[in-house]
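Residue numbers (the numbering used here), protein chains in the order written: chain A, 3 to 203; chain B, 90 to 432; chain C, 994 to 1281.
Be aware that one or more of the hints could be misleading.
[Said to hold, decoys possible] Under 10 Å between C-beta atoms, here's a sample of chain B residues computed to sit facing chain C: (1) 191; (2) 194; (3) 198; (4) 199; (5) 209; (6) 227; (7) 337; (8) 379; (9) 382; (10) 396; (11) 401; (12) 402.
[To be verified] Derived DEER-like restraints, expressed as beta-carbon distance ranges: (13) B:183 x C:1122: 54 to 62 Å; (14) B:297 x A:145: 24 to 32 Å; (15) B:400 x A:35: 56 to 64 Å; (16) C:1181 x B:258: 54 to 62 Å; (17) B:297 x C:1063: 40 to 48 Å.
Hints are computed from structural coordinates only; laboratory data are not their basis.
Don't be surprised by glycine CBs; every beta carbon is placed ideally from N, CA and C.
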Amino acid sequence: MIGANGAGKSTLLRTLAGLHQPAAGSIHFAGREITHLPTHARVALGIALVPEGRRLFPSLTLEENLLVGARRSSAWTVSRVMELFPWMGARRRQLTLNLSGGEQQGVAIGRALMAGPRVLLLDELSLGLAPAAVRRIYDLLPSLLAEGMAILLVEQDVTQALRVSDLAHCLLEGRITLSGRPRDLSPEQVEAAYFRLAARA
Amino acid sequence: MSLRVTRSRRPATWSGLASALVFVALLSLPYLVFANVTSLLVNLFILLVLATMWNLLAGYAGLVSVGQQAYLGLGAYTVLVLAQNGVNPFLVIPVAIAFCAVAALPISLLVFRLRNEYFAIGTWVVAEAFQLITVRFPQLGGGTGASLPGLGGFDPALRQAFTYWAALAVLAATLLAAYLLLRSRLGLDLTAIRDDEVGARSVGVQPARAKRIVYLIAAAGAGGAGALIIISQLNVQAASVFSVQWSAYMIFVAVIGGVGTIEGPILGTILFFTLQQSLAERGAWYLIIVGTVAVLVAMYAPRGLWGAISDRFDLRLFPTGYWLHPQGSSPGGLLARLLRRER
Amino acid sequence: MAWLNAVVQGILLGGLYALFACGLSLLFGVMRVVNLAHGDFAVLAAYLGLAVITGLHVPLLWSTLAVAPLFAVVGYLVQRLIIQRSLEVSPLTTLLVTFGVSVVLQNAMLEGFSANSHSLPSGWLAAGSFRLTPQLSIGHFSLIVFAAAVVVIVSLQLFLSRARLGRQIRATADDAEAASIAGTDVRHVFGIAAAIAFATVALAGLAFGGYSSFDPGAGTQRLIFAFEAVVIGGVGSLWGTLLGGVVLGVSQALGAQVDSGFGVLAGHLVFLAVLAIRPRGLLPGRVT
């Protein structure tokens, strides 16, 4: 999901996660309507959100942050998450406020993975991160997809987003202006949909 | 399109007129009815003063105090002390009001260190401390209370009439002060602070100063009410005048009537009083019922009774906001309604 | 020597205050709610204890087994039905609502139990005391209450830091929204925190009842003591609450030693002094 600031991308993800109630319309997941389901129930169904700004628990250690996300039926354990992020092992008892932006993002993703989600909602992963850190995070995504997980990625960095995704949607003022496989979309099409330049033409 | 800005609409001018008429009528009551009616009204006026001040504090400055009774007692004891030294109690009323405003300044420096909920209990502790300090002075009556000297020479009917007029004067001053304050720059500042403190600060508003001013005014009002209490009862007892029961009354009246409006406390006080008269024999039941109603109103109708009425009928009797009218259209027009600003 | 006795009694009293205050501290730390009816619920617990003791002829200690779990349930319901709704309206509302509940509770107890004061017979517990010197004795009951306070606070700390539910409570206290997207049922967690807080209130109420007499209006005084203990010790720290309770207890005992009517006022003055000099309290921190 790409789009300019204020297009409604984060709001959409938060609504899918259950933090906002939609004014109209419905949400369906795996054949079931979940529009009025509370957030924690959606997590139990397999929808996990990695929110904008990470939102880690400042008074909890790294390991505790991961454990809060844990669910009994999940295939993901703390050790498995730490295999994905090897640097975590040594810092498991540290408070998360002392971690760098990229490391915090890793913890936030790890916390969501602990719930064993079927759909992972990623909100603005690259915000506030150094390019090297952004690349490291994005390199993880293929292995997550290989697990059979679906990922809905909201991203400001269009190039990065189009590189990793199978299907792209462009959002503008709350409406989808373009959908398609990245390889089928030309840069001009994307630019037009992003800024609604077609209106001028 | 040019716009005209007004401070009120037609209903407000009628209510202004009506208020003046009501005031004149109230003024002449001692000539028309027996003393028991006027003394009842004195109690109603006292409660309305307290509720209006509490509403100013909580609804506009966002300061929920459960300790205004501290100033109630302070006002009452100021009158006592000066009356014991030969001053006519009626003349002490303005002194009590001023003294409470001054005393509130150092207290505010202390309690303002606490936020929100802890502020509430902090004010309560201050009131309790005042009570405990007061009972240590036998000249002030200690634990059993003291009677007010200086009014014995008056004819009882005359004394009650003067008490009534004094109460009416304090009430009128309170309502006028509240109304003018909210229409003033300070009122606008308070609304800005309530909406977004950081934003308000960025345009030069000083939240701490604005809140402190309101706190001092509220203390002054409570002091005036306290002076009225001792004059109408002719005696004062620490445990009673410093009791948190007074806060219960103020809060319930303001909540049920509608926090954040001037009309709310008026409606609430009238309701409260009628209830009190009809349930007078029942003692504790009265508070149980009123308390439950207040809780339910706070949870399910947070704008109170007046809030519900003013929303339903779009009524503002004592307006403190601004209305925009496009040039040439009448104030009640559709466009004005669309452009209407919330207070 | 009489002064030393005063200090010791003050410390023991402080344990009671701390036990009473930790419920307040927990509710505030987790939900940012100050329950103005806190003291009145403690008095209610004492009345229920009295009913159990006189009705079932069991000693004070056993009555706690009946009253504390009951209060835990009451706490859960109060949170889900009243506090949760008030939280959603505005921050002001919880204050007004708990104040209303306090007034209703006090007057309901007045109607139901009359204004007479009672105290809980603590049986063999109160009778004995350790006599260390002719002027210094430590009552069995005071010691047990102090020990109970320490046990409760230590257990609470352990629960919050080790248990899964404790971890969820801390996470929710940090960021309720983030906790919900991590799968925590926030309302249920709030309910559990309230249940724990109310259970401690029940214990404190029963302890108070054994310590001194109570009447329907006693809740106000107790709330103020609990609040002072929390502020003196430092908002957000359970150990701070214990320290705050002890400081308050000692202040009151020393004040009473100076002049018998001065005890409570001395406590208020110490509270106001801490507020003036060190507003964040002696051990400020988080509820962990």
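Hint check:
At about 19 Å, the closest approach between the beta carbon of residue 191 (chain B) and any beta carbon in chain C exceeds 10 Å, and the interface hint on this residue is violated. Because the smallest distance between the Cβ of residue 194 (chain B) and any Cβ of chain C comes to about 14 Å, over 10 Å, the interface hint for this residue is violated. The beta carbon of residue 198 (chain B) is positioned within 10 Å of a beta carbon in chain C (closest approach about 8 Å), and the interface hint is therefore held. Because the smallest distance between the Cβ of residue 199 (chain B) and any Cβ of chain C comes to about 6 Å, under 10 Å, the interface hint for this residue holds.
This hint holds: residue 209 (chain B) has a C-beta 6 Å from the nearest C-beta of chain C, less than the 10 Å allowed. This hint is violated: residue 227 (chain B) has a C-beta 12 Å from the nearest C-beta of chain C, more than the 10 Å allowed. Hint status for residue 337 (chain B): holds, given a least beta-carbon distance of 5 Å to chain C, under 10 Å. Annotation: residue 379 (chain B) was flagged as interfacial toward chain C, and the flag holds, the nearest CB pair being 8 Å apart, inside 10 Å.
Of the supplied interface hints, the one on residue 382 (chain B) holds, with its beta-carbon coming within about 9 Å of a beta-carbon of chain C, less than 10 Å. Annotation: residue 396 (chain B) was flagged as interfacial toward chain C, and the flag is violated, the nearest CB pair being 13 Å apart, outside 10 Å. Hint on residue 401 (chain B) is violated. Least Cβ distance to chain C is approximately 19 Å, over the 10 Å limit. Among the interface hints, the one on residue 402 (chain B) is violated; its C-beta lies about 23 Å from the nearest C-beta in chain C, farther than the 10 Å criterion.
Range check, residue 183 (chain B) to residue 1122 (chain C): about 58 Å between beta-carbon atoms, so the 54 to 62 Å window is met. Hint check: residue 297 (chain B) to residue 145 (chain A), Cβ distance near 54 Å, so the stated range 24 to 32 Å is violated. Distance hint check: the CB atoms of residue 400 (chain B) and residue 35 (chain A) are about 34 Å apart, inconsistent with the given range 56 to 64 Å. Residue 1181 (chain C) and residue 258 (chain B) have their C-beta atoms about 56 Å apart, which keeps the hinted 54 to 62 Å range intact.
Range check, residue 297 (chain B) to residue 1063 (chain C): Cβ separation about 45 Å, and the 40 to 48 Å hint holds.
The structure fails hints 1, 2, 6, 10, 11, 12, 14 and 15 (numbered hints given earlier, in ascending order).
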